[in-house]
Structure formats: C-alpha cells, structure tokens
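Participant: One letter stands for each residue in the lines below.
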Amino acid sequence: MADPRFFQKSEPLSLSAICEIAGVACEAADVIIEDVAPLDTATSKELSFFDNKKYKEQLTQTKAGAVFVREGDLTLVPTGTHALVTKSPYKAYALTAQAFYKSEFENKPTEVAPSAIIAKTASIGDKASIAANVVIEDDVEIGENVFIGANTVIGKGVVLGDNVVIGENATLSHCMIDDKTRIYPGCRIGQDGFGFSMDASGFAKVPQLGRVLIGKNCEIGANTAIDRGAGPDTIIGDGCWLDNLVQIGHNVQMGQNCVIVSQTGIAGSTKIGNFVVMGGQVGIAGHLNIGDGVQIGAKSGVMTDIPAGQVHMGAPSMPKMDFMKQVAMLRKIVNKKND
Amino acid sequence: MADPRFFQKSEPLSLSAICEIAGVACEAADVIIEDVAPLDTATSKELSFFDNKKYKEQLTQTKAGAVFVREGDLTLVPTGTHALVTKSPYKAYALTAQAFYKSEFENKPTEVAPSAIIAKTASIGDKASIAANVVIEDDVEIGENVFIGANTVIGKGVVLGDNVVIGENATLSHCMIDDKTRIYPGCRIGQDGFGFSMDASGFAKVPQLGRVLIGKNCEIGANTAIDRGAGPDTIIGDGCWLDNLVQIGHNVQMGQNCVIVSQTGIAGSTKIGNFVVMGGQVGIAGHLNIGDGVQIGAKSGVMTDIPAGQVHMGAPSMPKMDFMKQVAMLRKIVNKKND
Amino acid sequence: MADPRFFQKSEPLSLSAICEIAGVACEAADVIIEDVAPLDTATSKELSFFDNKKYKEQLTQTKAGAVFVREGDLTLVPTGTHALVTKSPYKAYALTAQAFYKSEFENKPTEVAPSAIIAKTASIGDKASIAANVVIEDDVEIGENVFIGANTVIGKGVVLGDNVVIGENATLSHCMIDDKTRIYPGCRIGQDGFGFSMDASGFAKVPQLGRVLIGKNCEIGANTAIDRGAGPDTIIGDGCWLDNLVQIGHNVQMGQNCVIVSQTGIAGSTKIGNFVVMGGQVGIAGHLNIGDGVQIGAKSGVMTDIPAGQVHMGAPSMPKMDFMKQVAMLRKIVNKKND
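Going line by line, the protein sequences match chains A, G and F.
Just so we're aligned: the first sequence equals residues -17 to 321 in the working numbering.
Just so we're aligned: the second sequence equals residues -17 to 321 in the working numbering.
Just so we're aligned: the third sequence equals residues -17 to 321 in the working numbering.
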C-alpha cells in the first residue's frame, strides 16, 4: 500500500467498476478491490498487472486478487487470481491506479500564499493554488486551476494555460505554456539560447529574440533546460514527455507525442517529428531533421538527418541493424584474437 | 518581429547607421530598417544574414530589405535585397540585433526588492537591481550595476564584480565572479567538490578548501554546476561560454575564451588552455592537460592529454582523422558482410 | 592557506597530535603544523600528502614540513620534510584537514530564520538551523541538529533524520532521509518518476505511488534528480556518494557505499549492489542487476546484468579486457590502412 504520509487512497472499487474504468471486458465479478500493488506483494484485495516478461515468475506466484494480462499470458495466471485480459495491461493498470490515487494537485487547497509576490499587472484565473514565496512578474497571464509550487519564479509576460502545474524552484521566462502541461521542479525555461558569433576578436552575443512555446498535456522533467529561440521560437508540441535533466537548444521544433528520456540533449535548430522516441543520454546535432516515428537508442550520437520510421543506434548513429552487426563483428574479431 | 510581450524594440535605423554599427562598408543607402529577422520571414523593412550553407535556398528567395553575406555568396542575393558584404555575417547580425534589442538587464529598474534578505555586513554597489526573495549572506561584496534574479542565494563572503548578472533560483558560495559575467538561472557554483578517500573502512570526506574564480565576460548556462577547489581553486578564465547542464569538477583550470557546449563534464584537476572548444556531452577525465585551441567533438570521451591545436573525436578520443577512418572502416566491413 | 573569507582555520597542531588524528605511527616530533596545503605550495609549517604518481616531481621538490606517503615512496621525500608513512595517505590527509577546518555546518548559528515558512503541523528537532525563505509543508518531521539552506522547499510529510544537511534551492517531496546525509543545492528528490503507458491513443500517466528512501551518511550532489518509486520505493543505501547532475530513475535500488560520478543516469527498476563504482556519464538501462563491487568506466552504456566484481567499459559495455582489446585492435587496423 502506498505510504499514507504521502498518498491519499480513494474508496474500494468493485472489479466490474474497475473494468469499466480500464476499458476492459470482464464478467461482473462480485469482488472488491482496495488497492493496486506490484505482483510480488499484492494481496487478494489488490490488483496488479503483467507487462514485462522479466517478471514472469512473479506472475505465476502472485497472490493478487486480479491482474491485467495479455491474452497470450493467460495460462501463467495462478488459480485464485482473476485474469483481466487486455491488449494494454500497463495502460489498464494506469487508469485503475489513477482511480485509486487522485493526483496530488487535485487535492491542493485553492489559495494564494500570503508570501507570494505577484505583480499588479499580472492576471490570474480562478481556483489558482500559488505556494509560498512564488514570484510572478509583470504582465503574466495565468489560466484557471493552475498550481505553482513554492519558490518558483514566473518571469515578465509569461502565459500559462488552464490546469497547468509548475513545480517548486522552477524558473520560467519568455514562454507560453498550454493547458494541462506540467513543469517539474527546477526546470529552466526561456533563458537565452547559446548564441554568439566568434572570430579572432572574440565573441559577440547574439540577442535571443524568440520564445519557448510548449503545447498541451506535456510533462517537462526536473532540472530540464529549454532555451528560447534565437529569432524563431523553440517549440515543444502537444503531448510530449521530457524526462529529467534534458537539454533543448534554441529553435528546436518538436512535434507531438514525443518521448525524450533523461539527460538527452538536442542542439539548436533541429526539427523533430511526431511520436519520436529517444532513449537516455542521446545527443542530436544541430540543424537536423528527425522524421516522424523515429526511435533512437540510448546514448546514440546523431549527426545526420533520419528519415521517418527508422530506428537508429550508436555514435555516430546508424540504422539499428548496422549497429547490431557492427557490435557482433567487433565481438567476433576480439574473441578470435583471444584464441 | 520579436514578441513585444517579451522584447522591447528600439527605433528604426538607416542602412548606413547599421553598417557603421556592424563595422561593414556600404554605400550610404537611404533605406530605413525597422528590425532583424530570419531569411525566410524577413520583409523589405528587415535585415537578415546568411552564414550556414544549409539555408542557401532561403537566401535566394528572401524578401529581406538587406542581408549580411560573404563576398562569395553575393550572387545568391536576390534583386531588391541590399547585400552587405562582410567576412563575419553572423557577427554583423549580432551587432545589429544588439542595436535593435537592448539586453533585458539594461532596462531593469534599479531597485532592491523589499522581500530581499540582505545581511548587514554585505556591501552592495550603486545601481543594483536585486529581485524578490534574494538572500545575500554575511560579508558578501557586490560591485556596481549588478542584477540578481529572484529567489537566488548568494552565500557568505561571495564577491561579485561590476555589471554581473545572476539569474533566478541560483546558488553561489565560496566564489568570486569578475565584471560583466552572467550566471544563468539554477546554476550551482562553489559547493564542495567530490572529494573523499575510500578504503575498506569506508569513506572519509576531504574538506574542500578552495574557491571558484570566474573571470570577466563569461556566460555560465542554466543548471550548470561548478564545484569549488579542494585546495587549489577552480578557475574559469575570461570570456568563457559554458552552456546549460555542464559539470566542472574541483580544481579544474580553464583558460580564456573557451566554449563548452551543453551536458559536457570535466573531471577534477584537469587543465584546459585558451580558445578550447568542446561539443555537447563531452567527458574529460581528471588530471589531464588540454592544450590551447584544441577542439573536441560532441560525445567524445577524453582519457589522455591533448596537445595544442589538435581536433579530437570518439570515446576514447583520438585525432579526428583517425576517428573518421575508423568510422569509415567499420562501415565498410559491415557492408561487406551484408553482400 | 584557505581563503579566510570562506574558511575558518583551527589552532596549530603538533605533529604527534596529527599522527594520532590520522591514525599514523610517528616519532613524537616536536614540530608545530599550522595548516594543510598542496605539495607545490606547502611551507615548512604545513602538511601535505602524496597519493597520485602524476605529482611525483612535486613531492621531490616540496618544502612541506611533513607529508603523508606510502612506504614505497619514502625515498622521494626531500630532507627537511617529515615523512609520515601510511597505507592511505589521502585518508590521513582528509582526517588532518578535517581537524584544521571544521565543516561549515558545524559553525552555523542554531536559528530559524523569521522568513522561513513552516507549517504548524511540522515538527522540528532541537538545534535546527533553517535559513531564509525555506518552506516546510504539513506533517514534515525533522530530527536534531539539521541544517536547511535558503529557499529550499521540504514537501508534505517528508522525514529528515538527525544531522541532515540540505543545501539551498533544493526541492524534496515524498522522501525519507536518514541521519548525517547531505543533499546539495538544487537537488530534486521525490518527484514523479517517468511513468506512462503509451499506445496508439496516446499516453496514460501511471500514478507514482512509491517514495525515495536515502540512507545514512550519503552525499547527493548539486542539481541531481532522484525520482520516487512507481509502487516500490527508490532506495539509496547507507554511505552512497552521488555527484552532481546524476539521474536516478524510479524504483532503482542501490546498496551501500556506492560512488556515482557526475552526469551518470540509472534507468528505472535497476538494482545496484554494494560498493559499486560508476565513472562519469555512465548510462545504465532499466530492470538490470549490477552486482556487488562492480566498477563501470566513464561513459559506458550498460545494457546487461553485470556479475559481482566485474569491471565493465564501453557502449554497449563489456568486460574491461575485451574493451581494451577492441580499442587496440581498431587502432591497429586504422594504422595499417595508413601505411
């Protein structure tokens, strides 16, 4: 069970109610479920899921009252556990867990802390929750039902849509953030891009005159940095998930529903399509085009455009097949030398 | 045009005034320019530049009133656009853009926010702009015309020169920062280096007794961390540009005018010369010497000293030529296997 | 000598007192030592150490009054310098330096800043030092003799043990931190892990219902991010040292006394044993098992389990021997092509 210090659980649910929530067909079993839990610790009152073959043994030994599984894994479910068949066990679990545990931001009191420092020219929508020591500068516009965590700074002119969540100790400037997007603690959004000209007489700073535009339903992880554009804007499309400690350079344009894992960096002016997935610690050079649906393995270094749908790995990156061959070949040569 | 929510534009300029600002020779054309803009969106009242061959087509189709170009690219400039010839189109653009858009820090009101908490023993020069909730501890010395962003903490004894800019939510301790340097939001400067001795009985912390010294005219990017020295100081020379999320270990000594791109890490006690350039996500081992003018490709892992002037790539890094050969050779072997 | 702006030195010590502190045998020399210093700047009143062969020349020319050395290096110590023989010169130096320079946190005044905002339901132990603008939310429990730096946010329900130090501008939520652990400025601990299910209809957020548990005597570097568990907890064992800008994914379980160098990232649900050492910029994939005593070279990319005691390098990582052979072989082939 989730620690009640930190999490507030809702009322128990019948299995049929859960099936409706999760969009899963099931006989209206007269079973009451009180919580979600991992396979190895779940009790007969708890629901779990099986999605990763690594945990097969845990499934065969689970004591869970019910479990979401794919049809092909049905035979692994022990007697005494209700199997709920779905093509997306993890998604069904996600929806169920959401029902048991409401987002902490839904429970926040609707209040503006007395210590928050809000410019007179800022406008703030209804039902805002603005925590202690937040600083909101001139001409900021904030929608309804927004949460802003303690000690965060919202710079002059920033626009936040409805239901936006901004974590603690974050800094936003020169940006516009659309509805339902969540910015995690410590993010830096909208600062100057890395723009200068360099010649024998030294550096000249190039004024960074663009903004950062972030779409709806995005998540931007802790301590991630997104520089504003140099002239064009830096754009993150709807539904993108960026993990912690990611770097987005100026003028990057990212499409919708991309997933960018931790510590990845995307250099300036690169264009990323829709549904692009990058593993952790990927680096993408500047001024490139990465097509829709491209997948890039962790730690890859991308130095060329990648057409839509390709899977790339390696540094410099190449199609996955080539990378796999290269790795296998190197292993073979080294082993031969060992003989 | 830059969004007036965020940017304040100066008055229009004649082309001849611009040429003077940019240090470019031109016939005193009686043309008024109102703004700078990218090639593809510039109008006849706007000025642009051409520096990267990737955007050649945009140059040939530009509607810009004037454009900075190199002599060799003159023939690509369409009729109706004034070509301003220079060896450094990007620098000329930078100087022009600076003329149209003053730094936001020049426009800041000179005031100390009532919520700033400033120790009595701190001394602060004239024309300081100190934002809300800034904390300035004992014995801090701050020069003239300094800007400190909201919620930043300046630890005991820190020294800031004239015209220094410190972004929001930053933490400075045990450091001295020279004139005209800019520290971005979320930087951590001066904390303990990663110093401990380790034996079978566990770890013993090594007191970190040095400082961080940062020269003039530097830029230190968002969420970058610079540890203070263990005994010697950690030193960043004049005119260095560090990007976001960079890590500088204790005792690192960096010369002047270096460029360090995002997510690069330099381990303890390594010495870096002048005019060194590192791409993104480079890693440099500790106790190395990197000579003047060295260039290191993105994602390289440097495990040896590098003599002045060399270009290195790869992990472990090697001279660029060797790296290129290695990449080409691997590609060839893999392709042959495919036949 | 350490800059007195930042560091406060204790009284001089006799060599015999130092030997006792450092656990080193020595004739009770009637010598007074006033400070510690590096080999190349130490005077006859100062003590240094020799641990890294790179600095051999500095040892032979040192003017130090005394120096910790291994027995095998005795002949390198110049006349006039007392040689103090130990198997761990660096540790002996660490203990001596600790005697001369007390931790800055020991000298902090025991007071709660008037500007700190502390929920009525929070409980705070004796001798707390809570700096300006700290925000402490409901139900937080804090032990004795704790230091919390300015502008830090301690979220609802967080538990801190005795003698914990939390740096400035940090954000803690959903976590429990044991005695004597130190969290550096800008850390983000306890935020949601990167948990979502993804199918053709888009993303569904998976509620993150675990905590972060950090053991005793840990150090967590500046701007490091540790996500809370998804259901299980994220666990960092006693005595672990994490450097700056490290990323720890949800459900990671790390044993005791591990060392994780800067910019390393460990993906979700991976289990790390005791005494594991990772260089900088290492990436570890999710759901892996890394055994006790494993050492992983800087920049490695680990995609498989690693048995206890192995040394791995490369991306994808492999046993060190194989990596060395591969590097040597590639070099040879490239050089042959050059002939």
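Hint data in this document are derived by calculation from the structure and do not stem from the laboratory.
Quantities reported herein were computed from a predicted structural model and do not represent experimental measurements.
Mixed in with the good hints, there may be bad ones.
Claimed, not checked - Think about it this way: if two alpha-carbon atoms lie no more than 16 Å apart in a straight line, the pair counts; the simulated EDC-like pairs of lysine to aspartate or glutamate are:
1. F:K90 - G:E123
2. G:K187 - F:E88
3. A:K36 - F:D287
4. F:K187 - A:D22
5. G:K138 - F:E86
6. G:K109 - G:E123
To be verified - Derived list of chain F stretches under chain G, where covered just means 3 residues or more per stretch with a C-beta under 8 Å from a C-beta of chain G:
7. -15 to -8
8. 103 to 116
9. 223 to 230
10. 239 to 249
Glycine is no exception: its CB is placed at the ideal position from the N, C-alpha and C atoms.
Participant: With reference to the structure, classify each hint as holding or not holding.
Facilitator: Hint check results:
no.: 1; hint: F:K90 - G:E123; result: violated, 20 Å
no.: 2; hint: G:K187 - F:E88; result: holds, 15 Å
no.: 3; hint: A:K36 - F:D287; result: holds, 12 Å
no.: 4; hint: F:K187 - A:D22; result: violated, 22 Å
no.: 5; hint: G:K138 - F:E86; result: holds, 11 Å
no.: 6; hint: G:K109 - G:E123; result: holds, 14 Å
no.: 7; hint: -15 to -8; result: holds (count 4)
no.: 8; hint: 103 to 116; result: holds (count 3)
no.: 9; hint: 223 to 230; result: holds (count 4)
no.: 10; hint: 239 to 249; result: holds (count 5)
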